[in-house]
Amino acid sequence: MNSPELSIVAVTRNDNHGGDMTYRMQLFIEGIFFQSEKYKYPVELIIVEWNPPKDRPPLAESLSWPQNHKYCFVRIIKVPEKLHQNYKHAKNLPLYQMIGKNVGIRRAKGDFILATNVDVLFSDELFKVFASGKLKKGKMYRVDRYDVKNDIPVYSSHDERLKYCESNVLRINQQYGTKDINNNKKYPIYPENVHELNKKDYFSVPLHTNACGDFQLMAWEHWNELHGYPELDLFSMYIDGIFEHMAYHHGIEEEVLHEPIFHIDHIAGWSLEGQNELLKRLTAKDIQSLEYGQYLDLTLKMHIERKPLIFNDQNWGFRKNMLQEYVINEKGIKQSHFDSEKFEFYESCNTGEWLKRINQIHKEIEKETQKNNLKEGDKNKQKEMGLKWFEENVNNKKVVVFGAGSGYDLFTKLILDAYNIRPEYFVDNDHEKVGEMKNNIEIYSVEKLLDENKEEILILVSSQFYQEIKDQLVKLGYKEHQNFFPAYQY
40 MNSPELSIVA VTRNDNHGGD MTYRMQLFIE GIFFQSEKYK YPVELIIVEW NPPKDRPPLA
100 ESLSWPQNHK YCFVRIIKVP EKLHQNYKHA KNLPLYQMIG KNVGIRRAKG DFILATNVDV
160 LFSDELFKVF ASGKLKKGKM YRVDRYDVKN DIPVYSSHDE RLKYCESNVL RINQQYGTKD
220 INNNKKYPIY PENVHELNKK DYFSVPLHTN ACGDFQLMAW EHWNELHGYP ELDLFSMYID
280 GIFEHMAYHH GIEEEVLHEP IFHIDHIAGW SLEGQNELLK RLTAKDIQSL EYGQYLDLTL
340 KMHIERKPLI FNDQNWGFRK NMLQEYVINE KGIKQSHFDS EKFEFYESCN TGEWLKRINQ
400 IHKEIEKETQ KNNLKEGDKN KQKEMGLKWF EENVNNKKVV VFGAGSGYDL FTKLILDAYN
460 IRPEYFVDND HEKVGEMKNN IEIYSVEKLL DENKEEILIL VSSQFYQEIK DQLVKLGYKE
520 HQNFFPAYQY
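Start counting the sequence shown at 40; every next residue gets the next number (our numbering).
Among these hints, one or two may not hold up.
DSS-like cross-link-like pairs, simulated, lysine-lysine; straight-line CA separation at most 27 Å [as the list claims (entries may be wrong)]:
1. LYS148 with LYS109
2. LYS93 with LYS130
3. LYS319 with LYS472
4. LYS359 with LYS130
5. LYS167 with LYS77
It is worth saying that the hints were derived from the structure and are not from the lab. Small disclaimer: the values here were computed from a predicted structure and weren't measured.
Let the hints inform the model, and build the full structure from the sequences given.
In structure tokens, the structure reads:
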């Protein structure tokens, strides 16, 4: 097959991650085979097999590969345990998703690269967009992700599977938030006044970062110019969103397509309402990830400076390594280049140095935000944000802020400054913050609230996890809109 226009890159391993992993991968592969044939559109499918389990067969053997195909060319690139073990969290984090995607992107032959995951199906309308020949350089293509029930009929045609997906949607992940179809509840991810905050450099551009790791499509040369996803030795949370902002501030326009992808729901998958449980699992395994406040700091830094942050050097994607590769075409499976003596681990992104830099960025932004907060006009802005309730109910009550992250600096502090109020203290669920000081105000654990007289306290929730914190406070006997209210709307 000649060099295809599109390479589709995903990362996985045969470890049954999230349950029924083989089932989900099989649906993903068969969908691409079927649609590439249906629309006669040549596609390169690159599956990066990261750190294959020793007690399970490799993907080339464990999956079924459609026969007599002409339009889908498959390459399985293996990242061996020897390379994986160089990472700090290698023992408890068996797969580094974004670094793995870089491995595939770096070696892809297509003019355009779609970074995605192995548990999605593309709608026919979306595949028609691929095959239209209208993909353009200078664009980052994004779509909405429709989460669907995980019992898609196996013994059915691909057309029937897509019909099943359309009729069994659980939630829709859109640019400004996620909608739960069952209860019609919306989980916004941006403040309602985000565009005003953006103009004042209080918030970065509201790009479509919601579940963006499942679909980011742009020209290979742009991936190369940005040196791929940040190769941080951390769990992958927020790294895809950071890359979305990197691309935007590199002059690449985000275009949100109307045609969706379908994501097969599973217990380990990310969802907006379930991310607290994910964070608990990571904490239990001592796996580090970026915090939301750090993500905000990085994106705001790029917005203020109007340029991308480049995390990796030119050796991104394991450039120095010749990796084992299996090629699957209409003639079957064959092994390609491999030299076990040439493995050389080279860290293209120094995670420790970047974490120090992120802390410094936070201090810079905090200082600049405090300076901007002194503007007299901000008082009127706060009243326009719907804070009449707060004004009427504060009445000499003790004010406590729940959440000691960047949300306080960017939003809640503006509210308090408008009324010349200083918090008594912070509470936070992050045990690493407990005992620290923020703006010379002490941070306590949530247990501190057990000692308070509920009639004498007003809690401002300054966190994106409002629903989870609301449930937590209600269990402690506090009442919404009486004892606490959201001061950082999402």
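Now the hints, each set against the structure:
no. : hint               : verdict
1   : LYS148 with LYS109 : holds (17 Å)
2   : LYS93 with LYS130  : holds (14 Å)
3   : LYS319 with LYS472 : holds (16 Å)
4   : LYS359 with LYS130 : holds (24 Å)
5   : LYS167 with LYS77  : holds (10 Å)
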